[in-house]
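S.K.: Residue numbers (our numbering), protein chains in the order written: chain A, 3 to 117; chain B, 3 to 117; chain C, 3 to 117; chain D, 3 to 117.
Keep in mind that a hint or two might mislead.
Since the list can't tell identical chains apart, any single copy or any two copies may satisfy a pair.
[As the list claims (entries may be wrong)] Calculated pairs, DSSO-like style, for lysine-lysine (alpha carbon to alpha carbon, straight line, at most 27 Å):
| # | residue 1 | residue 2 |
| --- | --- | --- |
| 1 | Lys49 | Lys7 |
| 2 | Lys29 | Lys7 |
| 3 | Lys23 | Lys12 |
| 4 | Lys7 | Lys97 |
| 5 | Lys49 | Lys14 |
| 6 | Lys7 | Lys116 |
| 7 | Lys12 | Lys94 |
| 8 | Lys14 | Lys93 |
| 9 | Lys100 | Lys12 |
| 10 | Lys94 | Lys106 |
| 11 | Lys29 | Lys12 |
| 12 | Lys49 | Lys62 |
| 13 | Lys116 | Lys106 |
| 14 | Lys62 | Lys113 |
| 15 | Lys49 | Lys59 |
| 16 | Lys59 | Lys97 |
| 17 | Lys113 | Lys94 |
| 18 | Lys116 | Lys49 |
To be clear, the hints were calculated from the coordinates, so they are not data collected in a lab. A quick note: this is a predicted structure, and the numbers were derived from the prediction, not measured.
4 protein chains.
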Amino acid sequence: MPDIKELTEKIKKFRDERDWKQFHNPKDVALSLVLEAAEVMEHFQWKNQAEIEEYVKNAKEDIGEELADVLYWVLILSYDLEIDIREALEKKIVKNEKRYPVDKSRGRHTKYNKL
Amino acid sequence: MPDIKELTEKIKKFRDERDWKQFHNPKDVALSLVLEAAEVMEHFQWKNQAEIEEYVKNAKEDIGEELADVLYWVLILSYDLEIDIREALEKKIVKNEKRYPVDKSRGRHTKYNKL
Amino acid sequence: MPDIKELTEKIKKFRDERDWKQFHNPKDVALSLVLEAAEVMEHFQWKNQAEIEEYVKNAKEDIGEELADVLYWVLILSYDLEIDIREALEKKIVKNEKRYPVDKSRGRHTKYNKL
Amino acid sequence: MPDIKELTEKIKKFRDERDWKQFHNPKDVALSLVLEAAEVMEHFQWKNQAEIEEYVKNAKEDIGEELADVLYWVLILSYDLEIDIREALEKKIVKNEKRYPVDKSRGRHTKYNKL
Numbered sequence: 003m004p005d006i007k008e009l010t011e012k013i014k015k016f017r018d019e020r021d022w023k024q025f026h027n028p029k030d031v032a033l034s035l036v037l038e039a040a041e042v043m044e045h046f047q048w049k050n051q052a053e054i055e056e057y058v059k060n061a062k063e064d065i066g067e068e069l070a071d072v073l074y075w076v077l078i079l080s081y082d083l084e085i086d087i088r089e090a091l092e093k094k095i096v097k098n099e100k101r102y103p104v105d106k107s108r109g110r111h112t113k114y115n116k117l
Numbered sequence: 003m004p005d006i007k008e009l010t011e012k013i014k015k016f017r018d019e020r021d022w023k024q025f026h027n028p029k030d031v032a033l034s035l036v037l038e039a040a041e042v043m044e045h046f047q048w049k050n051q052a053e054i055e056e057y058v059k060n061a062k063e064d065i066g067e068e069l070a071d072v073l074y075w076v077l078i079l080s081y082d083l084e085i086d087i088r089e090a091l092e093k094k095i096v097k098n099e100k101r102y103p104v105d106k107s108r109g110r111h112t113k114y115n116k117l
Numbered sequence: 003m004p005d006i007k008e009l010t011e012k013i014k015k016f017r018d019e020r021d022w023k024q025f026h027n028p029k030d031v032a033l034s035l036v037l038e039a040a041e042v043m044e045h046f047q048w049k050n051q052a053e054i055e056e057y058v059k060n061a062k063e064d065i066g067e068e069l070a071d072v073l074y075w076v077l078i079l080s081y082d083l084e085i086d087i088r089e090a091l092e093k094k095i096v097k098n099e100k101r102y103p104v105d106k107s108r109g110r111h112t113k114y115n116k117l
Numbered sequence: 003m004p005d006i007k008e009l010t011e012k013i014k015k016f017r018d019e020r021d022w023k024q025f026h027n028p029k030d031v032a033l034s035l036v037l038e039a040a041e042v043m044e045h046f047q048w049k050n051q052a053e054i055e056e057y058v059k060n061a062k063e064d065i066g067e068e069l070a071d072v073l074y075w076v077l078i079l080s081y082d083l084e085i086d087i088r089e090a091l092e093k094k095i096v097k098n099e100k101r102y103p104v105d106k107s108r109g110r111h112t113k114y115n116k117l
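Taking the hints into account, I'd like the entire structure generated from these sequences.
M.R.: Put into structure tokens, the structure is as follows:
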């Protein structure tokens, strides 16, 4: 079984055992997604690049846990809204390949609408 | 090949063709993760539950695209920090199973540290 | 002295005594602004309207502290970028009055670009 | 009249003319606060310090507008929850002065709970 599907199944099982679907309206789930993304970001607050490189050596476990929380909500929201997230990401990559042609965007961080 | 790995490969290829790794320091990647999560959340702003149910019928494509952007940054950051995101999520589910015992948390949205 | 100016002076004094201006580059300050805004939002996560009304009765102090943190970063960033935040808000209200004419927007939460 | 009060009055008037209080439940207001904070942050995405310094020269107007949006929601939420935001910020500064004694925190960005 593909791992996105397998992880989604595990999350669903966890949720169903606790009868938590009732709380998972899209607004609160999206809000939770933002909160967890913010927790990932907090790890890098105030640190310069050298400090970050030093920091991540010992914080991989913690950062991984926060990233896992983000993925958790991505998978739950995709499942609840019947979005095939794998397909959505593949389509987005194709779209971005058009938005950011290699010759125009190589080595530049300009947004597509300003290229 | 498991799909998380496959998606990661596609994203890496997209990035390498554009020589964008130079911009992907963890702080800016995490910042991008938050911005995309916020774009997911914006879809539900000001709408009540009935309006959300109506809205998502026709917005699945758009919401899927934003969720894909979030997943994109989760996978990039996991790759760059050498975090096995699948394993991290599985471990987090096990941790949450302990934090939220079924008998104490069933049907309640209380945070684990207040159970 | 107008209170925005007075609060800004107090914050500057607090910062200068600790020699923290060196850390306050706009990216990290904006990142901090988002983190504090997320902490405000977290107070309302998973709660329905009735639960929120009950909750805020006893959480005014805590929520006020998070809102103060947000204001703190708004004032610091405005000061550092030489933005007159009072004037900026007055201008934005005038702009919004045009974007949202009373007759078109009364009782509706439609965004200005869809009115 | 102190300017925080005056700005709050203007915002209230703007809101009342449009009959928008009905939408301003704390959850959606806090969500809006986060979205606007994210828009401030987006200005600095991918830019290094030199690029930011160059960028802000011409973007003061735009950044000011986003900061004004953040302040707008701070003032609305404070008003609706009957929080005296000026007093809350003054108290928070006093609290931070204790959390971050000058001799321990001078020139360091360590969080108070790790000092």
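S.K.: Compare the structure with each hint and give your call.
M.R.: Outcome of the hint check:
1. Lys49 to Lys7: Result: close neither inside a copy nor across copies, 36 Å intra and 29 Å inter.
2. Lys29 to Lys7: within (23 Å within a copy, 30 Å between copies)
3. Lys23 to Lys12: For Lys23 and Lys12, only the intra-copy Cα distance (14 Å) is at most 27 Å; the inter-copy one is 33 Å.
4. Lys7 to Lys97: Both ways: Lys7 and Lys97 sit 24 Å apart in one copy and 20 Å across, limit 27 Å.
5. Lys49 to Lys14: between (37 Å within a copy, 21 Å between copies)
6. Lys7 to Lys116: The answer is neither: 37 Å in one copy and 32 Å across copies each exceed 27 Å.
7. Lys12 to Lys94: Classified as both: same-chain Cα gap 26 Å, cross-chain 11 Å, threshold 27 Å.
8. Lys14 to Lys93: Classified as both: same-chain Cα gap 25 Å, cross-chain 15 Å, threshold 27 Å.
9. Lys100 to Lys12: Close across copies (15 Å), not inside one copy (35 Å); limit 27 Å.
10. Lys94 to Lys106: within (19 Å within a copy, 36 Å between copies)
11. Lys29 to Lys12: within (22 Å within a copy, 29 Å between copies)
12. Lys49 to Lys62: both (16 Å within a copy, 25 Å between copies)
13. Lys116 to Lys106: within (11 Å within a copy, 33 Å between copies)
14. Lys62 to Lys113: Between copies only: 19 Å across, 30 Å inside.
15. Lys49 to Lys59: So Lys49 and Lys59 pass the 27 Å test inside a copy (14 Å) and across (25 Å) alike.
16. Lys59 to Lys97: between (35 Å within a copy, 22 Å between copies)
17. Lys113 to Lys94: both (15 Å within a copy, 26 Å between copies)
18. Lys116 to Lys49: between (30 Å within a copy, 15 Å between copies)
When held up to the earlier numbered hints, the structure conflicts with 1 and 6 and fits the remainder.
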